[in-house]
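S.K.: Read off the chains here:
2 protein chains.
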Amino acid sequence: MTARERRFEEEPSAAVRTRTRPPTMADVARHAGVSLKTVSRVVNQEPHVRAALQARVQAAISALGYRRNEAAARLARGATMLTLGLVMENISNEFYARLAAAVEAASAEHEALVVFGSYEESPDKERMLIESMYARGVDSLIVVPSAADHAWLAEHAGLTTVFVDRVPPGLDAADAVLLDDVWGGRAATEHLLARGHRRIALISDDDGLSSVHDRASGYRTALLAARVPADESLVVRGVFDPGRVAGEVGRLLDLPDPPTAFFATNNRAAIGILHALRERPERPAYVGFDDFALADVFNPGVTVVRYDVSRLAGAAVNLLLNPSPAPRRIKVPVELVTRGSGELPPT
Amino acid sequence: MTARERRFEEEPSAAVRTRTRPPTMADVARHAGVSLKTVSRVVNQEPHVRAALQARVQAAISALGYRRNEAAARLARGATMLTLGLVMENISNEFYARLAAAVEAASAEHEALVVFGSYEESPDKERMLIESMYARGVDSLIVVPSAADHAWLAEHAGLTTVFVDRVPPGLDAADAVLLDDVWGGRAATEHLLARGHRRIALISDDDGLSSVHDRASGYRTALLAARVPADESLVVRGVFDPGRVAGEVGRLLDLPDPPTAFFATNNRAAIGILHALRERPERPAYVGFDDFALADVFNPGVTVVRYDVSRLAGAAVNLLLNPSPAPRRIKVPVELVTRGSGELPPT
Chain A
1 MTARERRFEE EPSAAVRTRT RPPTMADVAR HAGVSLKTVS RVVNQEPHVR
51 AALQARVQAA ISALGYRRNE AAARLARGAT MLTLGLVMEN ISNEFYARLA
101 AAVEAASAEH EALVVFGSYE ESPDKERMLI ESMYARGVDS LIVVPSAADH
151 AWLAEHAGLT TVFVDRVPPG LDAADAVLLD DVWGGRAATE HLLARGHRRI
201 ALISDDDGLS SVHDRASGYR TALLAARVPA DESLVVRGVF DPGRVAGEVG
251 RLLDLPDPPT AFFATNNRAA IGILHALRER PERPAYVGFD DFALADVFNP
301 GVTVVRYDVS RLAGAAVNLL LNPSPAPRRI KVPVELVTRG SGELPPT
Chain B
1 MTARERRFEE EPSAAVRTRT RPPTMADVAR HAGVSLKTVS RVVNQEPHVR
51 AALQARVQAA ISALGYRRNE AAARLARGAT MLTLGLVMEN ISNEFYARLA
101 AAVEAASAEH EALVVFGSYE ESPDKERMLI ESMYARGVDS LIVVPSAADH
151 AWLAEHAGLT TVFVDRVPPG LDAADAVLLD DVWGGRAATE HLLARGHRRI
201 ALISDDDGLS SVHDRASGYR TALLAARVPA DESLVVRGVF DPGRVAGEVG
251 RLLDLPDPPT AFFATNNRAA IGILHALRER PERPAYVGFD DFALADVFNP
301 GVTVVRYDVS RLAGAAVNLL LNPSPAPRRI KVPVELVTRG SGELPPT
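Chains A and B, in that order, give the protein sequences.
Quick note on numbering: the first sequence equals residues 1 to 347 in UniProt numbering.
Quick note on numbering: the second sequence equals residues 1 to 347 in UniProt numbering.
One thing to keep in mind: the hints can contain errors.
Identical copies look the same in the list; a pair holds intra-copy or inter-copy alike.
[Stated by the list, open to error] In silico lysine to any residue, SDA-like type, Cα no more than 25 Å apart, as pairs:
#  : residue 1 : residue 2
1  : 37        : 275
2  : 37        : 257
3  : 125       : 183
4  : 331       : 343
5  : 37        : 330
6  : 125       : 173
7  : 125       : 225
8  : 125       : 40
9  : 125       : 337
10 : 37        : 183
11 : 125       : 346
12 : 37        : 23
13 : 37        : 234
14 : 37        : 199
15 : 37        : 255
16 : 37        : 248
17 : 125       : 256
18 : 37        : 314
19 : 37        : 131
20 : 331       : 280
21 : 331       : 318
In short, the hints are calculated from the structure, not lab data.
Only a predicted model underlies this, so the values are computations on that prediction, with no experimental measurement involved.
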């Protein structure tokens, strides 16, 4: 049995284990100078309790901060309740907001609460966040890792961690729930090839991220299979701000031999394309990776590679709650949703 | 001094106060059978430590789960670190996602972590979430309340709560940070009136929510001031799903004397209008309340009443950290951002 596994079984939740017990009905009874039965009758709103007694009990309840609730009752019985930490790039991005909602829903099924933190683009902040959560008793983590080396996490025997969306560099022996990124990148590109496009641009984020790398590799595989030469001048890497993406899209459309189609490896890149096309006369085809709430309101609607975020979150929570000494990789399937933008012909 | 104030000063954070101390360098030294100085040299990656000693120290570090970090060091010195609870309707809605990001950023400045929970549309779930957070040591709460009665919260002397965006029904004596909703509703409506619109529809959410109520009251005030009779057949209440909003917008546009403009009291209502107009030939003017990321990508861009979410969050965190026995109300200003949809003429 590994240290990690042992810890999980013997110490279900440090945060809960070490908390002082909440005040009980007996405390209230003692404070009010009444019987336990009287407190119980007041708390359960049973009739026939004298007003004066009722007031005394209510005063004691307020003074002690007594709360009648099932959660507290379970805690008092020593039941285990977890607090999960969720560490992401930025919760205000729609992908992360959806993931947070799904992690919360999956956690609630196991009566777990979720602490969240955003590291923006700073690996130092990511590490600090995780350390800070651990210091406060959070020992189960769901992390969407940045591109930085995560080998330092291996030293933390006390942390049960599942990575989501990306493999953490430097930490192969970790549980991870990933999307089928290669398949998605290939499907998006084949979809554009099937409409006759031959000059297909790739707009991608930091390709040190395994997800971005794999989506780009699906794109290259599709081109290779169709015997379409990959043109590196149509490949944009390392842009994650929609404004900068828009600039790059404009630059590509101004090339002497411009692309007639785009594959955007995430929602920010797709939104950058939308920004760029607002100002341009061209109507190139494009397919995005990640669905977003307004994708079907644009005209044409935005064709995307989509997946079920609740499966991503559910699988991660499930791995956390069922730790195993051997690292596990779960791949969540993706699908192509056609809405119009990916079906435009070459011009 | 009230019970609430006293508690805050004497018990800065139950969750932190009662946690067992993390392992120290001295524990590692004892476990490895080496001097403290040796541990320190290994931890600080100083040169000239023999490989065998280094390995023993690393093994002890792993076994004890020792972490060298500032947060743990501060905890060991007994410093106070808070965990704030953030209770919202649904974090996957853009307003809440932005609020969560801003609350997290404001909390991080005070080295506080954020636990979040969504209650969807269930007041029972809202109460359960709050109870459950409290049971786990969270004693500082930021709540965007549902329309349900919150009088029960007054009994919890141990909870320091600030309400955001809406006043909690049944709990007048609570701190709240609100938007200038009346002003925003009035400004949006006056903007449409100034372009010559006289039949202006109102698309609103549950008007049991103080924010929705106040935005609608700004709308009525503007009509009254312009001597434009309010037409109740143009007022839609209680729709919060963009799909249902789209249906209502279609129904209004099919009226014999349809509206030429719309005021949407939140982002979901504005998005519902976008959905409806995709399928319609009419080009009514519209103004939304709440900005959203893609508002300027549509053509025309979406004119909205906007505010600084980080001011909303910062003020809430500030009230939490500086409790006062007298309830406080803070009003965050809003502004109108013109992008095209609100400047269309009547047709």
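S.K.: Now tell me, hint by hint, if it's right for this structure.
M.R.: Taking the hints in turn, this is what the structure says about them:
Taking the shortest Cα distances, residue 37 and residue 275 never come within 25 Å of each other, neither inside one copy (67 Å) nor across copies (58 Å). For the homomeric pair residue 37 and residue 257, neither the shortest alpha-carbon distance inside one copy (85 Å) nor that between copies (66 Å) is at most 25 Å. In this assembly of identical chains, residue 125 and residue 183 lie within 25 Å of each other by CA distance neither inside one copy nor across copies; the values are 32 Å within and 39 Å between. Taking the shortest alpha-carbon separations for residue 331 and residue 343, neither the intra-copy value of 28 Å nor the inter-copy value of 48 Å comes in at or below 25 Å.
With identical chains, the CA atoms of residue 37 and residue 330 are never at most 25 Å apart, being 53 Å at best within one copy and 44 Å at best between copies. In the homo-oligomer, the alpha carbons of residue 125 and residue 173 lie at most 25 Å apart inside one protomer (23 Å), although the nearest pairing across protomers, at 38 Å, exceeds that limit. Neither within a single protomer nor between protomers do residue 125 and residue 225 lie at most 25 Å apart by alpha-carbon distance, with minima of 42 Å and 52 Å respectively. Taking identical chains as interchangeable, the C-alpha atoms of residue 125 and residue 40 lie at most 25 Å apart only when they sit on different chains, with a minimum of 24 Å there against 48 Å within one chain.
Taking the shortest Cα distances, residue 125 and residue 337 never come within 25 Å of each other, neither inside one copy (36 Å) nor across copies (34 Å). For the identical chains of this complex, residue 37 and residue 183 are neighbours neither inside a copy (64 Å) nor across copies (53 Å), given an alpha-carbon limit of 25 Å. Taking identical chains as interchangeable, the C-alpha atoms of residue 125 and residue 346 are never at most 25 Å apart, the minima being 44 Å within one chain and 51 Å between chains. Within a single copy, residue 37 and residue 23 get their C-alpha atoms as close as 16 Å, which meets the 25 Å cut-off; across copies the closest is 45 Å, which misses it.
Proximity of residue 37 to residue 234 under the C-alpha cut-off of 25 Å is found in neither arrangement, the shortest distances being 77 Å within a copy and 56 Å between copies. Taking the closest pair of Cα atoms, residue 37 and residue 199 never come within 25 Å of each other, the shortest separation being 80 Å inside a single copy and 63 Å across copies. Neither within a single protomer nor between protomers do residue 37 and residue 255 lie at most 25 Å apart by alpha-carbon distance, with minima of 83 Å and 63 Å respectively. In this homomeric assembly, residue 37 and residue 248 never come within 25 Å of each other (Cα to Cα): the closest approach is 73 Å inside a single copy and 54 Å across copies.
With identical chains, the CA atoms of residue 125 and residue 256 are never at most 25 Å apart, being 43 Å at best within one copy and 59 Å at best between copies. Taking the closest pair of Cα atoms, residue 37 and residue 314 never come within 25 Å of each other, the shortest separation being 43 Å inside a single copy and 46 Å across copies. In this homomeric assembly, residue 37 and residue 131 come within 25 Å of each other (Cα to Cα) only across copies, at 23 Å, whereas the closest approach inside a single copy is 46 Å. Taking identical chains as interchangeable, the C-alpha atoms of residue 331 and residue 280 are never at most 25 Å apart, the minima being 38 Å within one chain and 41 Å between chains.
Within a single copy, residue 331 and residue 318 get their C-alpha atoms as close as 14 Å, which meets the 25 Å cut-off; across copies the closest is 43 Å, which misses it.
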